[in-house]
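Student: Note that numbering that gives the first Met the number 0 gives residue 67 to position 68 of the sequence shown, counting from 1, and the numbers run on in steps of one.
Check each hint, because a few of them may be wrong.
[Unchecked claim] The following label-pair restraints were derived from C-beta to C-beta distances:
1) E27 / D2: 38 to 48 Å
2) E27 / Q114: 39 to 49 Å
3) P116 / A155: 41 to 51 Å
4) Y137 / W80: 21 to 31 Å
5) G156 / K102: 34 to 44 Å
6) D79 / P58: 36 to 46 Å
7) E27 / G104: 33 to 43 Å
8) Q62 / Y137: 18 to 28 Å
9) G60 / M16: 20 to 30 Å
[Stated by the list, open to error] Straight line, CA to CA, 25 Å or less: simulated DMTMM-like cross-link-like pairs of lysine to aspartate or glutamate:
10) K37 / E22
11) K95 / D34
12) K151 / D25
13) K98 / D34
I should point out that these hints are in silico values taken from the structure, not numbers from a laboratory.
Heads up, the beta-carbon is just placed ideally off N, CA and C, and yes, glycines get one too.
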Amino acid sequence: MQDQAFIWNQYDLIRGMTLATLENIDEETADIIPDNFKNNIRWNLGHILLCQDFLLFGPTGAQLPPAYGALFAPATKPADWQGDIPSLETLAAQFKEQKARIKEGLQDRLNEPLQQPFKLGDKGTIHTYGEMLTFTLYHEGMHMGCISGLRKGIAAGTK
Numbered sequence: 000m001q002d003q004a005f006i007w008n009q010y011d012l013i014r015g016m017t018l019a020t021l022e023n024i025d026e027e028t029a030d031i032i033p034d035n036f037k038n039n040i041r042w043n044l045g046h047i048l049l050c051q052d053f054l055l056f057g058p059t060g061a062q063l064p065p066a067y068g069a070l071f072a073p074a075t076k077p078a079d080w081q082g083d084i085p086s087l088e089t090l091a092a093q094f095k096e097q098k099a100r101i102k103e104g105l106q107d108r109l110n111e112p113l114q115q116p117f118k119l120g121d122k123g124t125i126h127t128y129g130e131m132l133t134f135t136l137y138h139e140g141m142h143m144g145c146i147s148g149l150r151k152g153i154a155a156g157t158k
């Protein structure tokens, strides 16, 4: 079996960057939706958490609060939120817990096939947990780019 430490090193790096960004955002800023955006920073953070749990563990293995589907699933938006919304402190704790849980649960399973291959439309198919983990890192990076854009829009005062 090949050494897969590089994948876990990348996971540590990317999740560390996400946590560092989260620590530099206050509650009020996290909820601003600048002009030309439909979501806010809090939504993007919750979406990263939800998608990584769902894509790696499936609907029955996800360990985030059930309400997160209505808050952070694709096609949701803060304008439709109802009920309790998690604080940034809660999201940060969940990012840390999720990272530990994923590393523990998948440490020796990266070459193992998913229960069912995951099709990315006509773009390709993901077959193993390792492929899915690296895809979720790509996804996390995409949303960190969205957060960067949101921060620039907020700083420019386009509320």
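Student: Would you mind marking each hint as holding or not holding in the structure?
Tutor: The hints, checked one at a time:
no.	hint	in the structure
1	E27 / D2: 38 to 48 Å	holds, 45 Å
2	E27 / Q114: 39 to 49 Å	holds, 42 Å
3	P116 / A155: 41 to 51 Å	holds, 43 Å
4	Y137 / W80: 21 to 31 Å	holds, 27 Å
5	G156 / K102: 34 to 44 Å	holds, 40 Å
6	D79 / P58: 36 to 46 Å	violated, 21 Å
7	E27 / G104: 33 to 43 Å	holds, 35 Å
8	Q62 / Y137: 18 to 28 Å	holds, 22 Å
9	G60 / M16: 20 to 30 Å	holds, 26 Å
10	K37 / E22	holds, 23 Å
11	K95 / D34	violated, 31 Å
12	K151 / D25	holds, 15 Å
13	K98 / D34	violated, 33 Å
Hints 6, 11, 13 from the earlier list are contradicted by this structure; the remaining hints agree with it.
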